[in-house]
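Here the protein sequences line up with chains A and B, keeping their order.
For reference, each letter of the first sequence is one residue, going 1 to 109 in the numbering used here.
For reference, each letter of the second sequence is one residue, going 1 to 121 in the numbering used here.
The hints are simulated quantities; they were obtained by calculation from the structure and are not laboratory data.
Among these hints, one or two may not hold up.
[Said to hold, decoys possible] SDA-like cross-link-like pairs, simulated, lysine to any residue; straight-line CA separation at most 20 angstroms: (1) B/K43 <-> A/M2; (2) B/K43 <-> B/V119; (3) B/K65 <-> B/A40; (4) B/K43 <-> B/A88; (5) B/K65 <-> B/T91; (6) B/K65 <-> A/S97; (7) B/K43 <-> B/T118; (8) B/K65 <-> A/D94; (9) B/K43 <-> A/T42; (10) B/K43 <-> A/V99.
[Stated by the list, open to error] Now the in silico label distances, taken between C-beta atoms and shown as ranges: (11) A/G95 <-> B/S71: 18 to 28 angstroms; (12) B/N31 <-> A/M15: 37 to 47 angstroms; (13) B/T87 <-> A/S97: 14 to 24 angstroms; (14) B/T69 <-> A/M15: 41 to 51 angstroms; (15) A/R61 <-> B/S102: 20 to 30 angstroms; (16) B/N30 <-> A/L109: 38 to 48 angstroms; (17) A/E11 <-> B/N74: 42 to 52 angstroms; (18) B/T87 <-> A/S56: 33 to 43 angstroms.
[As the list claims (entries may be wrong)] Some chain B residues well away from chain A (every beta-carbon gap over 12 angstroms; in silico): (19) G10; (20) V12; (21) T28; (22) N30; (23) N31; (24) A53.
Glycine included, each C-beta is placed from N, C-alpha and C at the ideal position.
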Amino acid sequence: FMLTQPHSVSESPGMTVTISCTRSSGSIDSNYVQWYQQRPGTSLITVIYEDHQRPSGVPDRFSGSIDSPSNSASLTISGLRTEDEADYYCQSYDGTSRVFGGGTRLTVL
Amino acid sequence: EVHLLESGGGLVQPGGSLRLSCACSGFTFNNHAMNWVRQAPGKGLEWVASISASGGRTHLADPVKGRFTISRDNSNHTLFLQINNLTAEDTAIYFCAQSPPSSPMLTLAFWGQGSLVTVSP
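Just chain A, same shape as in the assembly (with noise of 0.2 angstroms):
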């Protein structure tokens, strides 16, 4: 399977983004999404894990969640500063594979 993501997002600082990350085979909720960020030139932290956890240390900014008709993971940030300007990679598994999507470039201006 596959998960498509928009290859970039832009928004302003303090205001909300969010990042959609798609399945194109199997159900999105049958197995758990997690999300990266890669800041420029960087290596990566997890911000979302097991769809909706936010690991210690990553704010409460950032949030994930499932939709299923829509066959989607989501990530949100609210609150944007120019810190979260980065890379954000979703991922998933099945009983074969390990997928992350293509990655989508957040800019914050």
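Since chain A is already given, all that's left is putting chain B on it; use the hints.
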């Protein structure tokens, strides 16, 4: 604090071999499955390999089966990736990543800084 430190990357000729290491600290290593994920220059992420906490179970992505081997040394808290018969398509940053106990070998909790492997004549 969880710390994952990769090493062993470098410039290798096509057909060559390399062994990457990931030294782990700040958590109980033998309680966690571990993984390797790679990122080609300017590209997205690709899951490469996973190994269970005990080392008894492994999973390799189809593109690397037969050429890559994942292993671990629980006594020394170190993860390994043996890469053989390298091609230009293997050029990437290789990240070591820890799985949480709740979903071993399926999701990723913490990441290392990565080790760059460049395959070129």
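We went through each hint and held it up to the structure:
no., hint, in the structure
1, B/K43 <-> A/M2, "holds (16 angstroms)"
2, B/K43 <-> B/V119, "holds (16 angstroms)"
3, B/K65 <-> B/A40, "holds (18 angstroms)"
4, B/K43 <-> B/A88, "holds (14 angstroms)"
5, B/K65 <-> B/T91, "holds (16 angstroms)"
6, B/K65 <-> A/S97, "holds (13 angstroms)"
7, B/K43 <-> B/T118, "holds (15 angstroms)"
8, B/K65 <-> A/D94, "holds (18 angstroms)"
9, B/K43 <-> A/T42, "holds (14 angstroms)"
10, B/K43 <-> A/V99, "holds (14 angstroms)"
11, A/G95 <-> B/S71: 18 to 28 angstroms, "holds (23 angstroms)"
12, B/N31 <-> A/M15: 37 to 47 angstroms, "holds (41 angstroms)"
13, B/T87 <-> A/S97: 14 to 24 angstroms, "holds (22 angstroms)"
14, B/T69 <-> A/M15: 41 to 51 angstroms, "holds (47 angstroms)"
15, A/R61 <-> B/S102: 20 to 30 angstroms, "holds (24 angstroms)"
16, B/N30 <-> A/L109: 38 to 48 angstroms, "holds (46 angstroms)"
17, A/E11 <-> B/N74: 42 to 52 angstroms, "holds (45 angstroms)"
18, B/T87 <-> A/S56: 33 to 43 angstroms, "holds (40 angstroms)"
19, G10, "holds (19 angstroms)"
20, V12, "holds (22 angstroms)"
21, T28, "holds (17 angstroms)"
22, N30, "holds (21 angstroms)"
23, N31, "holds (17 angstroms)"
24, A53, "holds (17 angstroms)"
Against the hints set out earlier in the document, no violation occurs for any number.
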